[in-house]
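Enquirer: Sequence:
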Amino acid sequence: MRLLPLLAEKALFEDLQVPDKWAFFREVSRALAEETGFAAERIEAVLVERERLGSTALGEGVALPHARLPLLPRIFVSVARSRQGVPFESPNGRPVHLIFTILAPEEAQALYLHCLSRVASLLREPGVRKALMEAPGREELKAVLREFDREF
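Under UniProt numbering, the first residue of the sequence shown carries the number 1, and numbering increases by one thereafter.
Note that these hints are calculated values from the structure, not bench results.
Because the structure is a prediction, the values reported are computed rather than measured.
One or more hints might be untrue.
[Said to hold, decoys possible] Straight line, CA to CA, 20 Å or less: simulated SDA-like cross-link-like pairs of lysine to any residue:
hint, residue 1, residue 2
1, K142, R83
2, K142, R81
3, K142, L123
4, K142, E44
5, K142, E14
6, K10, R138
7, K142, L6
8, K142, L69
9, K10, P105
10, K130, L64
11, K142, R118
12, K130, L16
13, K142, D15
14, K142, L122
15, K130, R94
16, K10, R146
17, K10, E44
18, K142, R42
19, K130, E140
20, K142, A131
21, K142, A120
22, K10, L64
23, K130, D149
24, K10, R94
25, K10, E34
26, K130, Q84
27, K130, K142
28, K10, P136
29, K130, E147
30, K10, L69
31, K142, L12
32, K10, K142
33, K10, R42
34, K130, R52
Start from the sequences, fold in the hints, and give me the full structure.
Expert: This is the structure in structure tokens:
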């Protein structure tokens with residue numbers, strides 16, 4: 001499995017500025033709706049429902065929101081960077097700066113879990129986080145993802 005083919009181009013944010021995670025869910029849901037053809041409200045509802053079970057912030061400035069949606073044709077991954085940070089109820093109380101959102105078909109549980117595991121592993125690498133934060137723009141963000149995609 002490779003990360004780049006799963007990337008939702010319209011849901012790649014080079015410097016997202018939102019006041020909190022709830023505003024983030026609205027914004028990413030709109031972008032994912034354009035990619036998936038599903039209603040933004042439906043996407044937002046499943047992401048918020050999952051988040052209410054417990055924060056998807058992992059610490060180290062990273063969050064990994066994720067949810068499954070019936071009849072989705074494939075896995076979609078959104079990548080958002082926020083230089084100012086987004087309050088996300090992190091374990092350390094600090095804002096997150098990198099948010100990878102995974103939206104997967106409900107029917108593909110094994111693939112969904114594998115994708116979650118691989119993205120979480122990737123984001124635990126300090127070099128990956130640093131390179132993503134230092135990338136000056138969209139194309140450079142994608143280049144960083146492409147570089148580390150070999151390890152995904």
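Enquirer: Kindly indicate which numbered hints from before are broken by the structure, ordering the numbers from low to high.
Expert: 4, 8, 18, 24, 34
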